[in-house]
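Respectively, the protein sequence lines represent chains A and B. Per my numbering, the first sequence starts with residue 642, numbered consecutively. Per my numbering, the second sequence starts with residue 6, numbered consecutively.
Hints may be right or wrong, so weigh each one.
Unchecked claim - Calculated lysine-lysine pairs in the DSBU-like style (CA-CA distance at most 35 Å, straight line): (1) B/K507 x A/K736; (2) B/K517 x B/K502; (3) A/K736 x B/K102; (4) B/K517 x B/K538; (5) B/K517 x A/K736; (6) B/K507 x A/K720; (7) B/K502 x A/K720; (8) B/K481 x A/K720; (9) A/K727 x B/K507; (10) B/K532 x B/K517; (11) A/K727 x B/K481; (12) B/K532 x A/K736.
As the list claims (entries may be wrong) - According to the in silico footprint, chain A covers these stretches of chain B (three or more CB under 8 Å from chain A): (13) 149 to 155; (14) 508 to 521.
Simulated from the structure, these hints should not be mistaken for laboratory data. Glycine included, C-beta positions come from ideal geometry on N, C-alpha and C.
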Amino acid sequence: MVNKKHKDSSKPAGYFLFSWLQARNSVQWIIFSLLGSCAILFGIDFFYHRHGHFEIEEWPGFFAVYGFIMFSAIIFGAKALRFFIKRPENYYGDKAVDSENQKGDH
Amino acid sequence: MSNLFIIQIPTALIFFCAAIVIASIRSQGLRGIVLLLTPILALFQIYQLGLGEFYSTSLFQMNMELMRVDKLSRVFGVIFCIAAFLGNLYAWHVRDKVQQVATLLYTGSAIGAVFAGDFLSLFFYWEGTAIASVFLIWARCTQASFHTGMRYLIVQIGSGVVLLAGLALRYHETDSLEFGLLELSSLSSWLIFFAFGIKCAFPLLHNWLQDSYPAGTVTGTVILSSFTTKLAVYALARSFAGTEILIYVGAVMTVFPIFFAEIENDLRRVLAYSLNNQLGFMVVGIGVGTELALNGTASHAFAHILYKSLLFMSVGAVLFRTGTSKASELGGLYRTMPLTALFCLVGAASISAFPLFSGFVTKSLILDATASEHYPFIWCVLVFASAGVLSHSGIKVPYFTFFAHDSGLRPQEAPLNMLMAMSITAFLCIFLGVFPNNLYILLPYEVAYAPYTISHVLSQLQLLCFALLAFTFIMKIGLHPPEIRAINLDTDWIYRKFLPEKVSTFGTFAFKSIDSFYGAFTQHFIKLSVFLKSIFGPTAIFVRASQNNSLETILVWFGVIFLGALLILLF
Chain A
642 MVNKKHKDSS
652 KPAGYFLFSW
662 LQARNSVQWI
672 IFSLLGSCAI
682 LFGIDFFYHR
692 HGHFEIEEWP
702 GFFAVYGFIM
712 FSAIIFGAKA
722 LRFFIKRPEN
732 YYGDKAVDSE
742 NQKGDH
Chain B
6 MSNLFIIQIP
16 TALIFFCAAI
26 VIASIRSQGL
36 RGIVLLLTPI
46 LALFQIYQLG
56 LGEFYSTSLF
66 QMNMELMRVD
76 KLSRVFGVIF
86 CIAAFLGNLY
96 AWHVRDKVQQ
106 VATLLYTGSA
116 IGAVFAGDFL
126 SLFFYWEGTA
136 IASVFLIWAR
146 CTQASFHTGM
156 RYLIVQIGSG
166 VVLLAGLALR
176 YHETDSLEFG
186 LLELSSLSSW
196 LIFFAFGIKC
206 AFPLLHNWLQ
216 DSYPAGTVTG
226 TVILSSFTTK
236 LAVYALARSF
246 AGTEILIYVG
256 AVMTVFPIFF
266 AEIENDLRRV
276 LAYSLNNQLG
286 FMVVGIGVGT
296 ELALNGTASH
306 AFAHILYKSL
316 LFMSVGAVLF
326 RTGTSKASEL
336 GGLYRTMPLT
346 ALFCLVGAAS
356 ISAFPLFSGF
366 VTKSLILDAT
376 ASEHYPFIWC
386 VLVFASAGVL
396 SHSGIKVPYF
406 TFFAHDSGLR
416 PQEAPLNMLM
426 AMSITAFLCI
436 FLGVFPNNLY
446 ILLPYEVAYA
456 PYTISHVLSQ
466 LQLLCFALLA
476 FTFIMKIGLH
486 PPEIRAINLD
496 TDWIYRKFLP
506 EKVSTFGTFA
516 FKSIDSFYGA
526 FTQHFIKLSV
536 FLKSIFGPTA
546 IFVRASQNNS
556 LETILVWFGV
566 IFLGALLILL
576 F
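Only chain B is shown next, with the shape it has when bound in the complex (with noise of 0.2 Å):
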């Protein structure tokens, strides 16, 4: 097998050729057949490589390591596999070949960034993961995704900016790139950390992820919310294992988006909070960094992609057949689209960590951390954003959507790949939370922890079944905030409203101060002009006396070079 050619390039380039033939083929039926193949072609590959570091070359005299193969990077890269080609065949429909292109070189990016060895091609990568991302933004061609694609780029990019000069900086000091365990002591490594808080959406640097996130394409919105955040989740882990100050950070980040997502309109929106809200819980695993912690976020972050992207297709899939993603315009649509429902209910079922699906087998190890390296405080505030969980993604995406009032919509059930990509998403979320074994495998640490011990069960029944109780209760009262048409303001507002209004109040009064002060100089020149004219001028004394004309037409000359040089200088 090691001859065949597949597995003589990194698993990042299986995509890239991909992109490059999608591009050249014109029939629809066949970009769509290698869509799905190329994540399976390259899981195989992983595979077959096992562990250990391949592909190593040297850029002016630095390593890169294109290929570590580790198994921390293993499950990631293994999980973006099956969530581009679960992706991927939701999108089947999906005729604009840009956005087929965009997800395979954002996907191939993400999956070289994972696998990189050094800092510098995880540089190369983590800016080709932005730019190839904002076009699945831009590809649904309004004036406001253009405008929403543009502040993610500017966001995105800024993550690489700060990363280059972090591993600048760091090159300088060690005269090493390598991608591995840093300590949080000198400046290159603070912009690294810096860095990966931006793309992993650390409170007050989270905001492109809601901004943006709702304005993807339908199809594209579910391949975002897969790779870029869990990319940052694996940097994070890979280089701050065991830095506490990611535990506060963490435990904010599970906390905040809550209450936003609760009375956020726009369900796209609502899951960009709770994905962000789901961060917090890797957080906290990272910052805690022991074994079990670790396996923690590997394994949350696997889940997590499963249920994030089926609740983001579930919901798209609404969008799809009714043109609208807001709460406010949605409800009871389970009569005609009961099969969406039903995955809907499974991803929020999940999410909220029900017994018996994927989230409950996968949250319970970091909190399990956490109480075990005694931090209480931080394990009550993991057990309140777990109830949090619920009232946004678990009762109130599937609730407002598919059940509630009735909206008098009656939109057809989803298309058939829709279906499909949604029943296997479904299936491995059911599957993981029954037999979570197949997960713990792939985790990069041994796994001794049964998740389904009777305390456990009981008391994550008891959260659940209360806190349902509670929103029933709130429900019957009238209490529960009405779902209306407005947004809400989040940190996007200081550079989206403020920090324009202000620059703009200030730059109208530079400029008008700028022009009243050329308009002075303008007006004395003119004067000047005036009086040279009337020395020089045709029809000054000394030339009609001299009737020299040669020397009108050298002052004529003068004046425009002067006056075009003045023009360059000072506009």
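Here chain A stands alone, though its shape is the one from the complex (with noise of 0.2 Å):
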């Protein structure tokens, strides 16, 4: 690996594509336009009549809110699990990689 001393003027290249990420209503911005796919998605299923294999697959909204449900049920099940399984990062003592860091060529 050459390991060049990296200026803190020059902007790598590909800076442009997140560039914009740093004005200040980005967050917002991104959020609204979910916001608004979101309910331009929501609101074709009650022009246009979905085909699936199961009858349920049809009803309008079916996928939105069992997304949004099962999304939640997800994040909401893995922190219950993680009271249970939570361990320290040295448990396991030096047989376990997860307290040494990496660097380097490996």
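Reconstruct the complex from the two isolated chains, following the hints.
And the structure:
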């Protein structure tokens, strides 16, 4: 690996890809566009009849509701699971890689 | 072309020969070129051969089919070659000869196993993948990686031993070792099933995967992620297609890793859990066993190897530059690693099956197959798991690495070779997603499937966007589990903590009792020898009386030999 000194002034290639995220309202902008897309996707269901193998698939908004509820269930389920199985990082001692850092060519 | 030397040998041997060549080359650049050319040569050979069986040989009067190229083995062979090329390009900067040789032997074994036409040659290659791949973990050269590698090796070799037992029984029963469709009716087929299951990371047998992959080297883990488990998927598809139990096993596999991935801190372990979840989709496809489902499994394995490599590559690049892959230590890296961030997002979109990315055109085959074979519950589970994939691989990995809070780290962008490997992989993910027919023509059966119907696209987008909305909502109200430096217990706790402690407690107890037994015995023996000495020793009355020194010498020798024999027997 060639270790060139990184200059603070130079911008990495592709900097423009995400630089707009540093604008003040970028997060709000993302949230609003997500809300907008969700509203549109949900709305389409009332005008277009989707086809599926099961009847439940064809209910308007089925996937939207299922996605929202199931995703929340995963997050809260995982949170509950963490309560039982969380252990300190060095739990397995020097026989696990968890408490060591990797540097360099490896 | 058929006269070319290259197509006179099985594909695996191309890799083995290249490994020997690499071991003897000193120039780093030349080694890199050989590493890149070998998979290309192998790919070329696979296409030159066409379909059919080549290179039969016999060992102890058992027929060995070294090269069975049919549509199922070919699609796996092809993607293995592509993965090897991309992995080697990603590892261009690595100077460690051990890793380079191990990579070639590992890749060669995996490809050899895919093209094996009988269980005996499958067994050899099966063990080959185990032995060669462990060096990619050991190459990290730390004590922890040594122990992790040993655990990995024990499980992998164990799988091979079970396979050997199964195939020996099978040979005894049927006089044939053909690597074909089996029925789960006898002990032999159950053993083979179990051996495949270990490598495929079935629930409760899965933990070697999450234990070992985060321990590999930066480049080693990218290589590891592509072959072992997908070889097991291939083996299951070959031998146990349509075995109903696999549907339920696969469904469990898609669900439980999601929760573990969600709270895991090491992002390479998150990806290992997510790999486990993706294998579940493939296993369900094998269990359903229809042409559509098997096509789904093969194509999903193909797409999966690409996007999973891409995700491991991007996290690996971060690890390479920052020295950590822990979510709690990372964040905000888009400022200095924007290209890596972009490639990671492509991988994330592919694994989450966003339309126009590769996961979408392959996963929907499996979902459709379960629906059309009337497994409504399994279908619901798979849709649930699809939302789960988004939660850890789609959001967690890119978000907590490249965005979220600013960790203050300002690492340099990934090296050029890594960027090249990632860009080609990302291109393939999008290319297959936009032009799925290029993938479908490789599949084992004729495909009459249109992934891009309005219903399909709409339902998938609804699912994903509302899951994203749920994520945003949960983040906003601050209920998302925070990234903290911790580990989580899994089934490996049983053999890493519980059993060793119990065994050592039992061992100490047993040792103490044996010790006290021998202690008592030794004391009696000493008393006896003192008594004997008092009678026959140099100070004894008889001896003094007779003045016969030779008896004393004999007695000493007798005692020495007796004591020596006792020592050998007891200890």
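Now for the hints, and whether the structure bears them out:
1. B/K507 x A/K736: holds, 18 Å
2. B/K517 x B/K502: holds, 22 Å
3. A/K736 x B/K102: holds, 25 Å
4. B/K517 x B/K538: Holds, because 31 Å separates the two Cα atoms, which is no more than 35 Å.
5. B/K517 x A/K736: holds, 27 Å
6. B/K507 x A/K720: Since the Cα atoms of B/K507 and A/K720 sit roughly 30 Å apart, the hinted pair holds (cutoff 35 Å).
7. B/K502 x A/K720: holds, 24 Å
8. B/K481 x A/K720: holds, 16 Å
9. A/K727 x B/K507: holds, 22 Å
10. B/K532 x B/K517: holds, 22 Å
11. A/K727 x B/K481: Distance of about 24 Å is within 35 Å: holds.
12. B/K532 x A/K736: violated, 47 Å
13. 149 to 155: holds (count 4)
14. 508 to 521: violated (count 0)
Checked against the numbered hints given earlier, the structure breaks hints 12, 14 and satisfies all the rest.
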